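Using the sequences and the hints, build the whole thing.
2 protein chains.
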Amino acid sequence: MSGKNTDKDLIQTVEQSAMNAITIDCVIFGFDNGILEVLLVQHAEGISKGKWGLPGGWINKKESTDDAAHRLLAELTGMDNIYLEQLKAFGEPDRFPLRRVITIGYYALVKREDYNIKAGFTASDAKWYKINEIPDLIYDHNEILAYSIKNLRHRVRQAPVGFNLLPEKFTLLQLMHLYEEILGVEMDKSNFRRKILHMKLLVPLDEKQQDVSHRAAQLYKFDPEIYEKLTQKGFNFEF
Amino acid sequence: MSGKNTDKDLIQTVEQSAMNAITIDCVIFGFDNGILEVLLVQHAEGISKGKWGLPGGWINKKESTDDAAHRLLAELTGMDNIYLEQLKAFGEPDRFPLRRVITIGYYALVKREDYNIKAGFTASDAKWYKINEIPDLIYDHNEILAYSIKNLRHRVRQAPVGFNLLPEKFTLLQLMHLYEEILGVEMDKSNFRRKILHMKLLVPLDEKQQDVSHRAAQLYKFDPEIYEKLTQKGFNFEF
DNA sequence: CGAAATATTTGTAATTAACAATAAAAGGGG
DNA sequence: CCCCTTTTATTGTTAATTACAAATATTTCG
Chain X
46 MSGKNTDKDL IQTVEQSAMN AITIDCVIFG FDNGILEVLL VQHAEGISKG
96 KWGLPGGWIN KKESTDDAAH RLLAELTGMD NIYLEQLKAF GEPDRFPLRR
146 VITIGYYALV KREDYNIKAG FTASDAKWYK INEIPDLIYD HNEILAYSIK
196 NLRHRVRQAP VGFNLLPEKF TLLQLMHLYE EILGVEMDKS NFRRKILHMK
246 LLVPLDEKQQ DVSHRAAQLY KFDPEIYEKL TQKGFNFEF
Chain V
46 MSGKNTDKDL IQTVEQSAMN AITIDCVIFG FDNGILEVLL VQHAEGISKG
96 KWGLPGGWIN KKESTDDAAH RLLAELTGMD NIYLEQLKAF GEPDRFPLRR
146 VITIGYYALV KREDYNIKAG FTASDAKWYK INEIPDLIYD HNEILAYSIK
196 NLRHRVRQAP VGFNLLPEKF TLLQLMHLYE EILGVEMDKS NFRRKILHMK
246 LLVPLDEKQQ DVSHRAAQLY KFDPEIYEKL TQKGFNFEF
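Taken in order, these protein sequences are the chains called X and V.
Heads up: take any position in the first sequence, counting from 1, add 45, and you land on my numbering.
Heads up: take any position in the second sequence, counting from 1, add 45, and you land on my numbering.
Just so you know, these hints were derived from the structure itself, not from any lab.
Keep in mind the model is a prediction, meaning the values are calculated, not measured.
Check the hints yourself; a few may be wrong.
Pairs involving identical chains hold if they fit within one copy or between any two copies, as the list cannot separate such chains.
[Unchecked claim] Simulated crosslink set (DSSO-like; lysine-lysine; CA at most 27 Å straight-line):
1) Lys106 / Lys156
2) Lys274 / Lys172
3) Lys175 / Lys240
4) Lys195 / Lys278
5) Lys214 / Lys240
6) Lys156 / Lys214
7) Lys274 / Lys214
8) Lys133 / Lys195
9) Lys214 / Lys234
10) Lys107 / Lys175
11) Lys195 / Lys240
Written out as structure tokens, the structure is:
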């Protein structure tokens, strides 16, 4: 949880309309130039002034935790329809210094192209950090972040969620590099190609990479409907 | 969450010493006679009198959510050192009828032999239900249970957690049947054997099955220390 | 001792992954 | 316009894994 007001302000504001023992914190992943990054926000005031942390906030009394996470995400990034999933609740009794607050961790996968368009101006105190250059964060946010990466590594191998980090149209090598970066491994080009094409999950477009000074790569897109159909036939995405 | 008092009693009792917007609910898995089961408890009074639900309760102000889950589990089963993991938080605004309460779901894996010894007497209103004979449960407990099964299926394939459901000493066939039951698939005996033995994870004992009217199977045990060493060498448990 | 039951091993074809090499585009410079 | 560089894309070959089938080994019981 974090924000621009002092922590006490927040608590007072919140007690009328929101639950006061639970917050939401969200790890927002982006993939830019082959690098996995997360979006952090800076605490303007309060106990942890100047320190960076995960974006987050309170849950309104009438909304689900999922809805709250979506709302907070929209407030920060200006984006709607973001891929979002809950991690788990973090409940050490002293994780928040002022009083007992349990937080529910979420993680989001965003396309950087969309973010640059929609959020460039709103998030003035937000900044993308490379996954292995994360500073010391407020509260237990380093722990939440570490957990989210572990979770993402599992998730990306079991379900086609990685596409949420790529542009609408992408090359197979881009996709492979995404996997390599997230999983921290090197992969074999030809086998990767054989395997992913064999799934018949990707739609090849009538379009190629532009403005590259070498052979242009075929562009593909991911079609959720095709994935649905395959799944119903017993197909199981797995890397 | 559930208990023997009325819901209102519980809420009043709790407001002094515990957090009142968050509960814990726990799916307890057991494996008996080749069948995967969960332990449910019956609501004695309150709105949902007579209905079955997951065991659960409140979180004390000074304990972590993990500690709370362990405490609740010990209270119900008399068992300590139970394998326990958090699922996630369930936060639909109307999941609990009286007021807004978010619950954190956990799941536990217990050895039935231990349970029978230690808990036989305390848990009078508790009962094991086969996984595909689950009745209509209170609140959103069917949803939590369904989620826990999905989670267990994933988890059991990625880490050696299944052993927590088996006796200390087990045969390879027992282990395979455990996997078959949890994953809902049929497996190949010889390949299963080749694969698990090849991991060099199990310790063959100087002991065989007793009192069977056919060739007695070799008994094995799982050694967490060996698993640790293998993991450090880069080994990755996977089924 | 032989029958019944299950444990355990062995073998072989089909898939999949690891590794290596080659052919096919695309732009840039002479 | 042709050659060079770079990267995409295809093809092959071997090793490891999985699917499927069969034979062999123990054990109790009648």
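Tested hints:
1. Proximity of lysine 106 to lysine 156 under the C-alpha cut-off of 27 Å is found in neither arrangement, the shortest distances being 31 Å within a copy and 40 Å between copies.
2. Proximity of lysine 274 and lysine 172 under a CA criterion of 27 Å is satisfied in neither setting, with 39 Å inside one chain copy and 39 Å between copies.
3. Proximity of lysine 175 to lysine 240 under the C-alpha cut-off of 27 Å is found in neither arrangement, the shortest distances being 29 Å within a copy and 38 Å between copies.
4. Within a single copy, lysine 195 and lysine 278 get their C-alpha atoms only as close as 30 Å, which misses the 27 Å cut-off; across copies the closest is 19 Å, which meets it.
5. For a Cα distance limit of 27 Å, the shortest separation of lysine 214 from lysine 240 inside one copy, 19 Å, qualifies, whereas the shortest one across copies, 40 Å, does not.
6. Proximity of lysine 156 and lysine 214 under a CA criterion of 27 Å is satisfied intra-copy only: 11 Å inside one chain copy versus 50 Å between copies.
7. When the C-alpha separation of lysine 274 and lysine 214 is checked against a cutoff of 27 Å, the pair qualifies only within one copy, where the shortest distance is 21 Å, while the shortest distance between copies is 43 Å.
8. With identical chains, the CA atoms of lysine 133 and lysine 195 are at most 27 Å apart both within one copy (12 Å) and between copies (15 Å).
9. In this assembly of identical chains, lysine 214 and lysine 234 lie within 27 Å of each other by CA distance solely inside one copy; the values are 19 Å within and 44 Å between copies.
10. When the C-alpha separation of lysine 107 and lysine 175 is checked against a cutoff of 27 Å, the pair qualifies neither within a copy, at 36 Å, nor between copies, at 35 Å.
11. Taking identical chains as interchangeable, the C-alpha atoms of lysine 195 and lysine 240 lie at most 27 Å apart whether they share a chain (24 Å) or sit on different chains (26 Å).
Consistency note: the structure conflicts with the earlier hints numbered 1, 2, 3 and 10.
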